[in-house]
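A.B. asks: Throughout the sequence shown, residue numbering follows our numbering, covering 60 to 358 in sequence.
There may be inaccurate statements among the hints.
[Said to hold, decoys possible] Label pairs and their calculated CB-CB ranges:
1. Gln137 - Ser161: 28 to 36 Å
2. Lys251 - Gln137: 45 to 53 Å
3. Leu113 - Ser182: 41 to 49 Å
4. Asp162 - Ala343: 18 to 26 Å
5. Ile121 - Ala240: 28 to 36 Å
6. Glu171 - Asn218: 35 to 43 Å
7. Pro319 - Asp162: 22 to 30 Å
8. Pro128 - Lys251: 40 to 48 Å
9. Leu92 - Ile121: 13 to 21 Å
[What the hints assert, rightly or not] Under the rule of at most 25 Å between Cα atoms (straight-line distance), these lysine-lysine pairs were calculated in the DSS-like manner:
10. Lys324 - Lys166
11. Lys323 - Lys308
12. Lys238 - Lys184
13. Lys263 - Lys244
14. Lys165 - Lys354
15. Lys130 - Lys238
16. Lys184 - Lys251
17. Lys165 - Lys238
18. Lys251 - Lys165
19. Lys251 - Lys308
20. Lys184 - Lys130
21. Lys244 - Lys324
22. Lys316 - Lys184
23. Lys251 - Lys354
24. Lys263 - Lys323
25. Lys165 - Lys184
26. Lys114 - Lys354
27. Lys166 - Lys184
28. Lys71 - Lys238
29. Lys263 - Lys238
30. Lys251 - Lys130
31. Lys354 - Lys184
32. Lys165 - Lys263
33. Lys117 - Lys323
34. Lys184 - Lys71
35. Lys114 - Lys323
36. Lys130 - Lys354
37. Lys244 - Lys323
38. Lys166 - Lys263
39. Lys166 - Lys238
It is worth saying that the hints were derived from the structure and are not from the lab. Where is the CB? At the ideal position from N, CA and C, for every residue including glycine.
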Amino acid sequence: MPKPVSPLNTRKPTFVDFIGAGVARGGVFVLRLLPFALASAIGGVLASTFGPLLKPSKAARINLSLAFPDKGEAEIEQILRQVWENMGRTAFEFAQMDHLLSDTGKKRVYIEGQDNLDAALGSGKPVLFFSAHLGNWELLPVSAGILGFGVHVFYRAPNNPLLQDVFTRRSSPGELIPKGAPGAKRAFTLLKRGENLGILVDQKLNDGIAVPFFGRDAMTGTALAEFALRFDAPMVPIQCIRLPGARFKVIYHPALKVTPTGDKKADVRTIMTDVNATLERWIAQHPGDWLWLHKRWPV
């Protein structure tokens, strides 16, 4: 399994950390004993039952109302339950993502767009794969493992330092890169070597730029665009769609077309506008599959 390129949470563990780690490891142990589909279903039922009662649901309701002003309260609540179901399924599936690399597990993942992938990998340039927190977003590195090509992905350290090894147990043929300045430096080095990078680009960043997203400006990170311009790298959108029965469709879309003008600032904005528009189309198709629980827009 890939490991982080550097320690990401070196905080001294507390008593609460030890208790939490014990509970989490016990839960992971039990989940790994269950059939993949059953573990996924249990997570979905639990989260969709209790999630709408939790505080993050307030932000989700606001976000959904902003993005879909034509939808009524009942429809918003239905989508919110789907959001929590997807979250619960994803969390419980995480315990055994390596199952999807087995002969049986591979049958759960349907991959489309092989020709688009081949064109990008055959360009002679490092490839930037971008996606969003849609469906089970861990399928980005897993699909790379299934198809047999290398990709490095960014990683956020768990708050509990005793769980770092659990959260870094990912089924991908590449490094886990820490977020922040050290990670950006490492990503630059890997791209300079001609290696591939995967990035989730749908979350709010306070130091990003304001780019339209569902008709409203949203602070958006620019690393993807800056890397693409610096290395002339193809940017391949990867869409994950959750299917019934704990199955998934992963689509490798054609690389975004980029025409640099020489004005880097304008080019970055143009690229990220196209990226956000791509994500917006996917989310509108399957709104219950996206992570609406964070404050994506300032209100």
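A.B. asks: Now tell me, hint by hint, if it's right for this structure.
C.D. replies: How the hints compare with the structure:
no.: 1; hint: Gln137 - Ser161: 28 to 36 Å; result: holds, 34 Å
no.: 2; hint: Lys251 - Gln137: 45 to 53 Å; result: holds, 47 Å
no.: 3; hint: Leu113 - Ser182: 41 to 49 Å; result: holds, 45 Å
no.: 4; hint: Asp162 - Ala343: 18 to 26 Å; result: violated, 35 Å
no.: 5; hint: Ile121 - Ala240: 28 to 36 Å; result: holds, 32 Å
no.: 6; hint: Glu171 - Asn218: 35 to 43 Å; result: holds, 36 Å
no.: 7; hint: Pro319 - Asp162: 22 to 30 Å; result: violated, 44 Å
no.: 8; hint: Pro128 - Lys251: 40 to 48 Å; result: holds, 45 Å
no.: 9; hint: Leu92 - Ile121: 13 to 21 Å; result: violated, 39 Å
no.: 10; hint: Lys324 - Lys166; result: violated, 44 Å
no.: 11; hint: Lys323 - Lys308; result: violated, 35 Å
no.: 12; hint: Lys238 - Lys184; result: holds, 23 Å
no.: 13; hint: Lys263 - Lys244; result: holds, 21 Å
no.: 14; hint: Lys165 - Lys354; result: violated, 35 Å
no.: 15; hint: Lys130 - Lys238; result: violated, 36 Å
no.: 16; hint: Lys184 - Lys251; result: holds, 9 Å
no.: 17; hint: Lys165 - Lys238; result: violated, 29 Å
no.: 18; hint: Lys251 - Lys165; result: violated, 32 Å
no.: 19; hint: Lys251 - Lys308; result: violated, 31 Å
no.: 20; hint: Lys184 - Lys130; result: violated, 43 Å
no.: 21; hint: Lys244 - Lys324; result: holds, 20 Å
no.: 22; hint: Lys316 - Lys184; result: holds, 15 Å
no.: 23; hint: Lys251 - Lys354; result: violated, 34 Å
no.: 24; hint: Lys263 - Lys323; result: holds, 22 Å
no.: 25; hint: Lys165 - Lys184; result: violated, 28 Å
no.: 26; hint: Lys114 - Lys354; result: holds, 12 Å
no.: 27; hint: Lys166 - Lys184; result: violated, 31 Å
no.: 28; hint: Lys71 - Lys238; result: holds, 20 Å
no.: 29; hint: Lys263 - Lys238; result: holds, 14 Å
no.: 30; hint: Lys251 - Lys130; result: violated, 46 Å
no.: 31; hint: Lys354 - Lys184; result: violated, 35 Å
no.: 32; hint: Lys165 - Lys263; result: violated, 33 Å
no.: 33; hint: Lys117 - Lys323; result: violated, 38 Å
no.: 34; hint: Lys184 - Lys71; result: violated, 42 Å
no.: 35; hint: Lys114 - Lys323; result: violated, 40 Å
no.: 36; hint: Lys130 - Lys354; result: holds, 19 Å
no.: 37; hint: Lys244 - Lys323; result: holds, 20 Å
no.: 38; hint: Lys166 - Lys263; result: violated, 34 Å
no.: 39; hint: Lys166 - Lys238; result: violated, 32 Å
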